[in-house]
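S.K.: What follows is the residue order along each chain.
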Amino acid sequence: MARQGFNIRKQTGFSQIAIACFVMLYMPIILLVVYSFNAGTSIAIWEGFSWRWYVSAWANDQVQEATVRSLIIAVWASAIATTVAVLAALATTRTPKFKGQTAVFAMINQPLMVPEIVTAVALLIFFAMIKVATGYTGLLYLIVAHSAFCIPFAYLPIRARLQGMDLSLEQAAADLYASPFKVFTRITLPQLWPGIAAGAMLAFVISLDDVVITEFVKSAGQDTLPTYMLGQLRRVMTPEINAISTVLLAISVTMVIAFTVLTKVRN
Amino acid sequence: MTTAISARSLRKVYPGTPPVEALAGADLDIQDNEFFTLLGPSGCGKTTLLRMIAGFEHPTSGSLDMFGASLLDLPPYKRPINTVFQSYALFPHLTVSQNIAFGLEMLGKPKTEIKETVAQMVDLVQMSELADRQTGQISGGQQQRVALARALAPKPRVLLLDEPLSALDFKLRKEMQLELKRLQTETGITFIFVTHDQEEALTMSDRIAVMNAGSIRQIGAPRDIYDHPAERFVADFIGDTNFLSAQITSSNADRARVDLSSGESTSARLPEGGARDGQVTLAIRPEHAKLVMPDDGLLRGTLENIVYFGTDTHIHLRLTDGTPFTLRQQNNSETELQFAKGDTAGIRFAPDVAQVLKD
Ligand SMILES: Nc1ncnc2c1ncn2[C@@H]1O[C@H](COP(=O)(O)OP(=O)(O)O)[C@@H](O)[C@H]1O
Ligand SMILES: [Mg+2]
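Line by line, the protein sequences give chains E and L.
The opening residue of the first sequence carries number 1 in the numbering used here; numbering runs sequentially from there.
The opening residue of the second sequence carries number 1 in the numbering used here; numbering runs sequentially from there.
Hints may be right or wrong, so weigh each one.
[Unchecked claim] Derived BS3-like pairs (lysine-lysine); straight-line CA-CA distance at most 27 Å:
hint: 1; chain 1: L; residue 1: K181; chain 2: L; residue 2: K171
hint: 2; chain 1: L; residue 1: K341; chain 2: E; residue 2: K182
hint: 3; chain 1: L; residue 1: K155; chain 2: L; residue 2: K115
hint: 4; chain 1: L; residue 1: K111; chain 2: L; residue 2: K181
hint: 5; chain 1: L; residue 1: K171; chain 2: L; residue 2: K109
hint: 6; chain 1: L; residue 1: K111; chain 2: L; residue 2: K171
hint: 7; chain 1: L; residue 1: K290; chain 2: L; residue 2: K358
hint: 8; chain 1: L; residue 1: K181; chain 2: L; residue 2: K115
hint: 9; chain 1: E; residue 1: K182; chain 2: L; residue 2: K358
hint: 10; chain 1: E; residue 1: K97; chain 2: L; residue 2: K155
hint: 11; chain 1: L; residue 1: K341; chain 2: L; residue 2: K358
hint: 12; chain 1: E; residue 1: K182; chain 2: L; residue 2: K171
hint: 13; chain 1: L; residue 1: K155; chain 2: L; residue 2: K181
hint: 14; chain 1: L; residue 1: K181; chain 2: E; residue 2: K182
hint: 15; chain 1: L; residue 1: K174; chain 2: L; residue 2: K78
hint: 16; chain 1: E; residue 1: K97; chain 2: E; residue 2: K182
hint: 17; chain 1: L; residue 1: K115; chain 2: L; residue 2: K78
hint: 18; chain 1: L; residue 1: K290; chain 2: E; residue 2: K182
For the record, the hints were derived by calculation from the structure and aren't laboratory data.
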């Protein structure tokens, strides 16, 4: 009989550890969701089902403002990051190999490797200088910062899609009198869009979720949803926080499912 | 006759460690309206040559002209040349007719003309019923025909075909061979066809260039190449051949008297630019020789094996000097093999069917 290969699933305790991990991961989230429907004001004592915290969050001016701000930033940041990512992905997959390509690749992915807190402090100092020089204190700082750290998240799925594409299709188009621009718009882009959509969604979710960089970069009165929630921790916590979190969770889950479906789209 | 494509000392080296010399200086003239075939084993540089003509690869050195004007500064999309890719490379997000219309659209043809041409092309390759299908929903043979229609639709001056039939099964391949030949004759477009299948090359081509290891070994009509291979590689690659050593005793422009190992002498054809004296190798096709009584033969040998193939019989002999020799005899009611395994027989062939090889 052939010797069985090493199978980690057969090791004693594997299932138990795995289950424990899943419980640790999902139990708190399930509780959070459940208590968002709590009729009482406690985030730990169940007093019956109610939508009241969703209603109250909806009616809360600060939550409304923070939500709108979060969405504005996320939409702009994901749009900018995706555009830059498409260009970067084309430059790293559709041009002859150039000197320093690996370095460029590393630089594009920099935000994934530099600790976020370092980027946050650096941006804080850098933007402070600009604020002093220009006096501008608007939302642009947050949009720029978010765009920057979203780029690698948008870049990776787009690049993967470009690399998986059959190069002979683009050659066939060139052979049939399509200029490089036409090749891109008529052949590359239509096949790339699932990658672009996936990248944009990932960037959107990442931007929507960011706390650290936002907390450092934002000016007074520029709370996003996550930083607003963080601020609430210092006061009395009500299930309103649970309700907001649940909505954020729903958005993220939807996006991640859409992302998974899109990255699986072939042709 | 006009020359469609002309290459001089065309060379391609792919960078790398070590660099690969895929084409080592090719000289080639392809005539307008010609069905020209590049034939050679895998890796001999056929695709590289084709891709340089299409514009996907830039030659390392040499010149490449089309109707007298250099192609080298033109990007692929400015060359009036279309390609049928080995993998077909159909656009998966477009339908059959949209694929065929693509080239015409890119050329900016008017809508009505595009519609007309596409309808013609769809008809020509017998795909009318499937015109609105996505290309992923049709069979390999149908994809092949769409690729062909797509490449023909813009009416290129030259059509390049890179092993377009290699993915098809035997029967479909035979059909498409005839189909391609018909299309070429009807459209008058110059076809440059790549294959590693010698039979395909022989049946379809006006002329064949036999390639090996990055160089063109011989160019000629199928009959020329088959009957008069210039060197051992060509003789061996195309059909079956017997190789005999012989001694040239005298020669004129294109014929030589040669002494065979048996001491008998015969007349053989000389290749262009080959040796005209001394020890040479002769090539003789199995079907050009016949068995005779031992004393009547130019050569003598022992029958080692007799293999029946239906339409013909292959007879394997060992000559007195030890060389193997194969002979092919058609089976019909009039011929009957008068020899059995182990017998000694003579071998005869007509003057000039033996070809002196360059190497
Ligand atoms: N892009 C490339 N880079 C490096 N070597 C290549 C490349 N394309 C082909 N070659 C090499 O060049 C030689 C000729 O290849 P090719 O033209 O594809 O031959 P064929 O079409 O006759 O099979 C082969 O040795 C092949 O490995
Ligand atoms: Mg090839």
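S.K.: Decide, hint by hint, whether the structure agrees.
M.R.: Now for the hints, and whether the structure bears them out:
| no. | hint | in the structure |
| --- | --- | --- |
| 1 | K181(L) with K171(L) | holds, 16 Å |
| 2 | K341(L) with K182(E) | violated, 69 Å |
| 3 | K155(L) with K115(L) | holds, 15 Å |
| 4 | K111(L) with K181(L) | violated, 30 Å |
| 5 | K171(L) with K109(L) | violated, 37 Å |
| 6 | K111(L) with K171(L) | violated, 38 Å |
| 7 | K290(L) with K358(L) | holds, 25 Å |
| 8 | K181(L) with K115(L) | holds, 26 Å |
| 9 | K182(E) with K358(L) | violated, 51 Å |
| 10 | K97(E) with K155(L) | violated, 35 Å |
| 11 | K341(L) with K358(L) | violated, 34 Å |
| 12 | K182(E) with K171(L) | violated, 39 Å |
| 13 | K155(L) with K181(L) | holds, 16 Å |
| 14 | K181(L) with K182(E) | violated, 33 Å |
| 15 | K174(L) with K78(L) | violated, 34 Å |
| 16 | K97(E) with K182(E) | holds, 23 Å |
| 17 | K115(L) with K78(L) | holds, 23 Å |
| 18 | K290(L) with K182(E) | violated, 63 Å |
When the structure is compared with the earlier hints, violations turn up for hints 2, 4, 5, 6, 9, 10, 11, 12, 14, 15 and 18 and for no others.
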